[in-house]
Amino acid sequence: MGMGLAANSRGGRRSRRAPMAEINVTPFVDVMLVLLIIFMVTAPLLASGVPIELPESRANPIDQTPEQVTISVDGAGVIYIDDAAVEPGAFPEALARIDRGGDGQQPAIVLRGDRTLDYGRVMAVMGELNRAGFSSISLVTSGSVSPP
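When you line the sequence shown up against our numbering, it's residues 1 to 148, in that order.
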(Lines of atoms letter the chains of each structure in order from A and count residues from 1; the text may use other names and numbers.)
(Lines give C-alpha, C1' and ligand atoms only; values in the text may rest on other atoms or scores of the structure.)
Protein backbone atom coordinates (compact mmCIF):
# COMPACT_ATOMS: atom_id res chain seq x y z
CA MET A 1 0.00 0.00 0.00
CA GLY A 2 2.80 2.37 0.74
CA MET A 3 4.12 2.09 -2.79
CA GLY A 4 0.81 3.08 -4.29
CA LEU A 5 0.66 6.24 -2.20
CA ALA A 6 4.19 7.20 -3.09
CA ALA A 7 3.54 6.87 -6.81
CA ASN A 8 0.43 9.07 -6.63
CA SER A 9 1.98 11.76 -4.51
CA ARG A 10 5.15 11.95 -6.52
CA GLY A 11 4.32 14.00 -9.57
CA GLY A 12 0.65 14.76 -9.38
CA ARG A 13 0.35 13.92 -13.11
CA ARG A 14 -2.26 11.28 -12.72
CA SER A 15 -4.44 10.69 -15.78
CA ARG A 16 -8.08 11.45 -15.15
CA ARG A 17 -9.32 8.91 -17.73
CA ALA A 18 -9.79 5.33 -16.70
CA PRO A 19 -8.60 2.62 -19.10
CA MET A 20 -11.18 1.64 -21.73
CA ALA A 21 -12.50 -1.85 -21.05
CA GLU A 22 -14.93 -2.28 -23.95
CA ILE A 23 -14.43 -3.31 -27.56
CA ASN A 24 -16.35 -1.89 -30.47
CA VAL A 25 -17.78 -4.99 -32.19
CA THR A 26 -19.76 -3.23 -34.92
CA PRO A 27 -17.01 -3.49 -37.58
CA PHE A 28 -16.47 -7.13 -36.64
CA VAL A 29 -20.18 -7.91 -37.07
CA ASP A 30 -20.25 -6.09 -40.42
CA VAL A 31 -17.34 -8.13 -41.74
CA MET A 32 -18.89 -11.39 -40.50
CA LEU A 33 -22.21 -10.60 -42.20
CA VAL A 34 -20.46 -9.88 -45.50
CA LEU A 35 -18.53 -13.15 -45.25
CA LEU A 36 -21.72 -15.03 -44.43
CA ILE A 37 -23.42 -13.64 -47.54
CA ILE A 38 -20.42 -14.54 -49.70
CA PHE A 39 -20.41 -18.13 -48.42
CA MET A 40 -24.17 -18.47 -48.85
CA VAL A 41 -23.91 -17.36 -52.48
CA THR A 42 -20.89 -19.50 -53.40
CA ALA A 43 -21.78 -22.72 -51.52
CA PRO A 44 -24.33 -23.97 -54.09
CA LEU A 45 -21.82 -23.36 -56.86
CA LEU A 46 -19.32 -25.69 -55.20
CA ALA A 47 -21.72 -28.65 -55.08
CA SER A 48 -20.41 -30.17 -58.31
CA GLY A 49 -17.37 -29.13 -60.25
CA VAL A 50 -18.29 -30.41 -63.72
CA PRO A 51 -20.14 -27.76 -65.77
CA ILE A 52 -23.21 -29.42 -67.29
CA GLU A 53 -26.39 -28.01 -68.82
CA LEU A 54 -29.04 -30.07 -67.05
CA PRO A 55 -32.39 -30.82 -68.66
CA GLU A 56 -35.51 -29.34 -67.10
CA SER A 57 -38.03 -31.28 -65.01
CA ARG A 58 -40.88 -30.53 -62.63
CA ALA A 59 -39.88 -33.39 -60.30
CA ASN A 60 -39.60 -32.77 -56.58
CA PRO A 61 -36.04 -32.20 -55.33
CA ILE A 62 -34.31 -34.97 -53.41
CA ASP A 63 -32.17 -34.56 -50.33
CA GLN A 64 -28.43 -34.80 -50.79
CA THR A 65 -26.67 -37.30 -48.57
CA PRO A 66 -22.97 -37.36 -47.81
CA GLU A 67 -22.79 -41.04 -48.85
CA GLN A 68 -23.52 -40.28 -52.49
CA VAL A 69 -21.38 -40.62 -55.58
CA THR A 70 -21.97 -38.16 -58.41
CA ILE A 71 -21.56 -39.47 -61.94
CA SER A 72 -21.51 -36.68 -64.55
CA VAL A 73 -21.50 -36.90 -68.34
CA ASP A 74 -20.63 -33.63 -70.05
CA GLY A 75 -21.68 -32.45 -73.52
CA ALA A 76 -18.70 -34.16 -75.16
CA GLY A 77 -19.59 -37.50 -73.55
CA VAL A 78 -16.74 -37.54 -71.04
CA ILE A 79 -17.70 -39.36 -67.83
CA TYR A 80 -16.72 -37.97 -64.43
CA ILE A 81 -16.91 -39.72 -61.06
CA ASP A 82 -17.33 -36.87 -58.59
CA ASP A 83 -14.85 -34.40 -60.15
CA ALA A 84 -12.35 -36.88 -61.65
CA ALA A 85 -12.54 -37.64 -65.38
CA VAL A 86 -12.63 -41.31 -66.35
CA GLU A 87 -10.54 -42.51 -69.29
CA PRO A 88 -12.54 -43.85 -72.26
CA GLY A 89 -13.28 -47.54 -71.73
CA ALA A 90 -12.22 -47.49 -68.05
CA PHE A 91 -15.65 -46.77 -66.58
CA PRO A 92 -16.36 -50.36 -65.37
CA GLU A 93 -12.99 -50.51 -63.56
CA ALA A 94 -13.63 -47.10 -62.00
CA LEU A 95 -17.01 -48.28 -60.74
CA ALA A 96 -15.37 -51.33 -59.18
CA ARG A 97 -13.09 -49.02 -57.16
CA ILE A 98 -16.00 -47.13 -55.57
CA ASP A 99 -16.21 -47.73 -51.82
CA ARG A 100 -19.35 -49.78 -51.18
CA GLY A 101 -19.32 -49.30 -47.39
CA GLY A 102 -18.77 -52.02 -44.83
CA ASP A 103 -22.37 -52.25 -43.66
CA GLY A 104 -23.75 -53.54 -46.96
CA GLN A 105 -25.45 -50.20 -47.65
CA GLN A 106 -24.46 -48.98 -51.11
CA PRO A 107 -23.82 -45.28 -51.67
CA ALA A 108 -26.50 -43.36 -53.51
CA ILE A 109 -25.62 -42.76 -57.15
CA VAL A 110 -26.53 -39.36 -58.60
CA LEU A 111 -26.37 -39.19 -62.40
CA ARG A 112 -25.99 -35.80 -64.08
CA GLY A 113 -26.16 -35.78 -67.88
CA ASP A 114 -25.85 -32.81 -70.21
CA ARG A 115 -29.06 -31.92 -72.08
CA THR A 116 -27.28 -32.07 -75.45
CA LEU A 117 -26.27 -35.72 -75.00
CA ASP A 118 -27.71 -38.54 -77.00
CA TYR A 119 -30.22 -40.56 -74.96
CA GLY A 120 -28.24 -43.72 -75.75
CA ARG A 121 -25.09 -42.35 -74.09
CA VAL A 122 -26.90 -41.73 -70.80
CA MET A 123 -28.55 -45.16 -71.01
CA ALA A 124 -25.14 -46.78 -71.61
CA VAL A 125 -23.83 -45.16 -68.42
CA MET A 126 -26.91 -46.32 -66.52
CA GLY A 127 -26.42 -49.83 -67.90
CA GLU A 128 -22.83 -49.93 -66.64
CA LEU A 129 -23.99 -48.70 -63.24
CA ASN A 130 -26.55 -51.52 -63.16
CA ARG A 131 -23.93 -54.11 -64.19
CA ALA A 132 -21.68 -52.87 -61.38
CA GLY A 133 -24.47 -53.58 -58.87
CA PHE A 134 -25.77 -50.06 -58.26
CA SER A 135 -29.55 -50.24 -58.32
CA SER A 136 -30.49 -46.92 -56.74
CA ILE A 137 -29.72 -44.20 -59.31
CA SER A 138 -31.08 -40.65 -59.09
CA LEU A 139 -31.20 -38.44 -62.19
CA VAL A 140 -30.46 -34.74 -61.65
CA THR A 141 -32.35 -32.06 -63.58
CA SER A 142 -32.79 -28.33 -63.30
CA GLY A 143 -36.16 -26.98 -62.18
CA SER A 144 -38.93 -26.13 -64.62
CA VAL A 145 -42.13 -24.20 -64.11
CA SER A 146 -44.03 -25.27 -67.20
CA PRO A 147 -45.34 -28.78 -67.81
CA PRO A 148 -44.19 -30.59 -70.94
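Please keep in mind that the hints were generated in silico from the structure rather than gathered at the bench.
Honestly, I wouldn't trust all of these hints.
Stated by the list, open to error - Label pairs and their in silico Cβ distance ranges: (1) Ala124 to Leu36: 42 to 50 angstroms; (2) Ile37 to Pro92: 43 to 51 angstroms; (3) Arg121 to Ala96: 18 to 26 angstroms; (4) Asp30 to Ser135: 45 to 53 angstroms; (5) Arg58 to Ala124: 44 to 52 angstroms.
The C-beta atom is built at its ideal place from N, Cα and C for all residues, glycine as well.
Quick rundown of the hints versus the structure:
Taking 42 to 50 angstroms as the suggested C-beta distance range, the pair alanine 124 and leucine 36 conforms, at roughly 43 angstroms. In this structure, isoleucine 37 and proline 92 meet the distance hint of 43 to 51 angstroms, their C-beta atoms being roughly 44 angstroms apart. In this structure the supplied range 18 to 26 angstroms holds for arginine 121 paired with alanine 96, their Cβ-Cβ distance being about 21 angstroms. Evaluation of the 45 to 53 angstroms hint for aspartate 30 and serine 135 yields a pass: the beta carbon distance comes to about 51 angstroms.
Roughly 26 angstroms separates the CB atoms of arginine 58 and alanine 124, a value that falls outside the hinted 44 to 52 angstroms.
The earlier numbered hint that this structure contradicts is number 5, and it is the only one.
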